[in-house]
Amino acid sequence: MSLWLDVARVATALNVLLLLGLGYVWLRNYMQFRSKHTLGLSVFALLLLGENAVALYVYSWDEVLSVWFATAVPPEAWHAMLALHVLEFFALSFLLWATWD
Amino acid sequence: MEGVLWYVLTGTRGGANRVRLIRALDERPRNANQLAEALDLDYKTVRHHLDVLMDNSIIESSGDDYGAVYLLTEQARQHWDTVEKIMEQVE
Numbered sequence: 001m002s003l004w005l006d007v008a009r010v011a012t013a014l015n016v017l018l019l020l021g022l023g024y025v026w027l028r029n030y031m032q033f034r035s036k037h038t039l040g041l042s043v044f045a046l047l048l049l050g051e052n053a054v055a056l057y058v059y060s061w062d063e064v065l066s067v068w069f070a071t072a073v074p075p076e077a078w079h080a081m082l083a084l085h086v087l088e089f090f091a092l093s094f095l096l097w098a099t100w101d
Numbered sequence: 001m002e003g004v005l006w007y008v009l010t011g012t013r014g015g016a017n018r019v020r021l022i023r024a025l026d027e028r029p030r031n032a033n034q035l036a037e038a039l040d041l042d043y044k045t046v047r048h049h050l051d052v053l054m055d056n057s058i059i060e061s062s063g064d065d066y067g068a069v070y071l072l073t074e075q076a077r078q079h080w081d082t083v084e085k086i087m088e089q090v091e
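The listed protein sequences correspond, in order, to chains A and B. Using the working numbering, the first residue of the first sequence is number 1, and each one after it goes up by one. Using the working numbering, the first residue of the second sequence is number 1, and each one after it goes up by one.
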């Protein structure tokens, strides 16, 4: 049962790493270019970083919710949650691949 | 083209150096070696950035041979106000 939770933790942790990479490039460029475009990319990266950090916290450290997710959430619900996390991982991977140029 | 310029020049890791390349090519067309020397960049780095700029139709090459000279495309010229707006912020 906790296998699903582990996959969710790994996926959100990887998303955090990818977003740190994207945020690094975009924030550095924003410091240099100060354009609306770079601001938009930077804010996007920061907010999505927040989303994944919250998810990782909820799955791993929140005293009430981490136990709840580990024991009371049925596999069917995990499948749906994981689809979201894993799709986001692939989306961010491609974006980082294009951005790291 | 405008969106491409913003993303390629300000949304990616090597954007700032590509802006410098475009600025140099606007002054006069040059080959990869001359660009590397003028901008104090590694030759391989210059080659990579030139390929990205060509991929996005911002610059074109005068030929396929080793010393090929690069110049701005008509498309880039048409959107030069966008390029200028971006360049203002670099150095």
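Worth flagging that the hints you see were computed from the coordinates, not collected in a lab. Be aware that a few hints might be false.
Derived EDC-like pairs (lysine to aspartate or glutamate); straight-line CA-CA distance at most 20 angstroms [said to hold, decoys possible]:
1. B/K85 - B/E74
2. A/K36 - B/D55
3. B/K85 - B/D64
4. A/K36 - B/D65
5. B/K85 - B/E27
6. B/K44 - B/D55
7. B/K85 - B/D26
8. A/K36 - B/D81
9. B/K85 - B/E2
10. B/K44 - A/D101
11. B/K44 - B/E74
12. B/K85 - B/D65
13. A/K36 - B/D64
Model, not experiment: these values are computed from the prediction.
**OP:** State the violated hints by number, sorted upward, taking the hints as numbered earlier in the document.
**Re:** 2, 3, 4, 11, 12 and 13
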